[in-house]
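Colleague: Going line by line, the protein sequences match chains A and B. FYI, the numbering used here numbers position 149 of the first sequence as 149, with every residue one higher than the one before it. FYI, the numbering used here numbers position 39 of the second sequence as 39, with every residue one higher than the one before it.
These are calculated hints, taken from the structure and not from any lab test. Certain hints may be false.
[Claimed, not checked] Below, in silico cross-link-like pairs of lysine to aspartate or glutamate (DMTMM-like), each with a Cα-Cα straight-line distance of 20 Å or less:
#1 A:K157 to A:E141
#2 B:K96 to A:E141
#3 A:K157 to A:E37
#4 B:K96 to A:E194
#5 A:K206 to A:E192
#6 A:K119 to A:D193
#7 A:K119 to A:D203
#8 A:K236 to A:D123
#9 A:K84 to A:D144
#10 A:K84 to A:E141
#11 A:K236 to B:E126
#12 B:K96 to A:D123
#13 B:K96 to A:D193
[Stated by the list, open to error] Residues from chain A that keep clear of chain B, each with C-beta distances beyond 10 Å, as calculated:
#14 A11
#15 F63
#16 L97
#17 F132
#18 V162
#19 V291
[Stated by the list, open to error] If you want a taste of the chain B side facing chain A, the calculated C-beta under 7 Å gives, among others:
#20 I39
#21 F272
#22 L274
By construction, the Cβ of each residue, glycine as well, lies at the ideal position given by its N, Cα and C atoms.
Here is what each chain is made of, one letter per residue.
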Amino acid sequence: MKVVASAKKLAVPAILLVGCALSCSVSNSNLVDRYVELVVMYVGINFILTLSLNLVNGYMGEFSVGHAVFMAIGAYTSAIITVKVFSLSLGPWIFPLAVLTGGMASALAGLLVAIPSFKIRGDYLAIVTLAFNMIVKSIIENVDFLGGPRGYLGIAKLTSLVWVFFFSFMALWVIRNFVYSNYGRGVVSIREDETAAIIMGVDTKKVKIMTFMLSSFFAGVAGALYAHLLQFISPKSFDILKSTEILIMVYLGGIGSIAGSVLGASVYTVLLELLRPLGIWRMVIMPLVLVFLMIFRPKGITGLREFKWFIPSAEKKIKLFKHKV
Amino acid sequence: MRLGLSYLIQQFLNILQLGSLYALIAIGYTMVYGVLSLINFAHGDVFMLGAFIFFLAALWLKLPFIPALIVTVCVTVCVGVLIERLAYRPLRNAPKMSAVITALGVGVFLENFTLALSPYPQHIPEIVKNRAWVMGQVTVSSIQTIIIAISVTLMVILDFLVRKTRFGMALRAISWDISAVPLMGIPVNRIISQTFALGAALGGAAGVMYSLAYPVIDPYMGIMIGWKAFISAVVGGIGNVRGAMTGGFILGTVEIAVTMFLPSTYRDIVAFTLLFVLLIFRPHGIFGTARSVKL
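Please take these sequences and the hints and turn them into a complete structure.
Modeller: Structural data, given as structure tokens:
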């Protein structure tokens, strides 16, 4: 037993190390096609976005429809850091710092949604998040320092497969541990019945603040990675359509499930790439797929079920997530 | 800037024009929310379809204004009813989130479908001869007059429908308690279909009039206008038809006032900040009643 336990403790750093080494060697050698590598990076970024939105929409049962706004804040913050602040001395450690700062900036912005959520629920909270998305987008359009509607140019290509892997893994690890912690129980209890959760002694305000901030933090990280992969961001890349895309990935994969986020992000991203020959018609097919999915399989591909190895062994007997949503 | 009387009258006309367009679309949102408690995200795109169908009717069928308007309204009514029938009805008893996501999906589908057929913004030909009458320092254009006259007429008819007819009574009954209504022998499905039809008719008509006033149309135009109309509905108190009308004019006033004092790019910020603040302090809007949840 002891050997198994210590092996389990080593599993996380081991996977991280092996994964980083593997992705580093892949991007330095010519074994893998550049295009495939790019698609894999998009899958990683989309996975972070999907998982972070799943935390709010799937696990907590709130309805946030403006997730792209946190991506925008992370993207612009990190771009300012790498372009304006450290433009001359761009050491190798500046980039992860910039990404983390982007995440923190958008976590702070997450507070602006978390606080209204104490009073407002359901559809109205959806409108608040959407309004927030629109407000920030309009503000960026009106600030010349950020390039206004023309977008922000001159971002170096700093995102590599290693960093995408690293941050995806971090998101997976942190959110998985959060969901199965005591706070995670609080999060799920808010979804099931908020009043009952309060009566049971869950500090719903604290749980909501933590969840919203964690979710927007990782959305900001994804935005920073996205900005330094595409090397160009404009307010248009973070509008309602982008938010809708993230929602599609969450509900395609399955709400309240990490496995669902993995599947949703990969299936959606890869499918869109495979359908590229169809041109614009692929953007017609995707929403149709979503509508059919909602009608015939409303809980997504996995639907509240989870990969076995994500569930802590002590929890396997508890049927925590077998309730209505 | 001259803030004389004639300037204010001029701006007042602009407010009436913009506000009545918002109000017409807002009614569609508010009625559907009233009966199904569903934010019909696709409604803004029905408005967009209205503009495009009007464009086709004018360009291909070479119809004059009134027949083109009627054709457009008929087509958008069909689209609205079909959306309800195919996408929302199967989800009537599903979790509410699924229905809202479906509505989002339908909206994106309509946008991208139109985009696939018409990749470039289209110019509406001049169907109505735009004359301008100058009265003192105030200029009144014929398009402005048409928009205000048609919108006000439609709103009066709708208000009559909702308040005085059996259909309106059924509509209000459903929004009061959807589970008790079938027990009274009211055909719920038919009333809901009719609600969607009415909303889509007003949305389509608004699309036609919008494309008269702003003759460049593109597939994504429904998003912004739709959301503005939705703000109007929330400001007035969602579910309340008269509230939606008032909300439309309030939003029109705010937007015109912003463009009087600030660069026009600040319009959206102010509009959405208004919504944000209002939702935090008075989530049920001006005319809406707060409903407490029974445990």
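Colleague: For the pair supplied as a hint, K96 (chain B) and D123 (chain A), confirm whether the alpha-carbon distance does not exceed 20 Å.
Modeller: Answer holds: K96 (chain B) to D123 (chain A) is near 10 Å, not above 20 Å.
Colleague: Would the least Cβ to Cβ distance between V162 (chain A) and chain B come out above 10 Å?
Modeller: At roughly 34 Å from the nearest Cβ of chain B, V162 (chain A) sits farther out than 10 Å, so the non-interface label holds.
Colleague: K157 (chain A) and E37 (chain A): Cα distance at most 20 Å?
Modeller: 14 Å, holds
Colleague: Non-interface claim for A11 (chain A): all C-beta distances to chain B beyond 10 Å?
Modeller: 34 Å, holds
Colleague: Please verify whether K236 (chain A) and D123 (chain A) have alpha carbons no more than 20 Å apart.
Modeller: Between K236 (chain A) and D123 (chain A) the Cα gap is close to 25 Å, so the pair fails against 20 Å, i.e. violated.
Colleague: Go through the hint on L274 (chain B) and say holds or violated, using the shortest Cβ distance to chain A against 7 Å.
Modeller: 9 Å, violated
Colleague: For V291 (chain A), is the shortest beta carbon distance to chain B beyond 10 Å?
Modeller: 4 Å, violated
Colleague: Quick check on F272 (chain B) please, does its C-beta sit within 7 Å of some C-beta on chain A?
Modeller: 4 Å, holds
Colleague: Could you grab the alpha-carbon distance between K119 (chain A) and D203 (chain A) and see if it respects the 20 Å cut-off?
Modeller: 14 Å, holds
Colleague: Quick one, are K84 (chain A) and D144 (chain A) close enough, alpha carbons at most 20 Å?
Modeller: 14 Å, holds
Colleague: For the pair supplied as a hint, K236 (chain A) and E126 (chain B), confirm whether the alpha-carbon distance does not exceed 20 Å.
Modeller: Roughly 31 Å separates the two Cα atoms, so the pair is violated.
Colleague: Check whether the Cα positions of K157 (chain A) and E141 (chain A) lie no farther apart than 20 Å.
Modeller: At roughly 23 Å apart (the allowed maximum being 20 Å), E141 (chain A) and K157 (chain A) break the hint.
Comparing the model with each numbered hint stated earlier shows that hints 1, 2, 8, 11, 15, 17, 19 and 22 do not hold.
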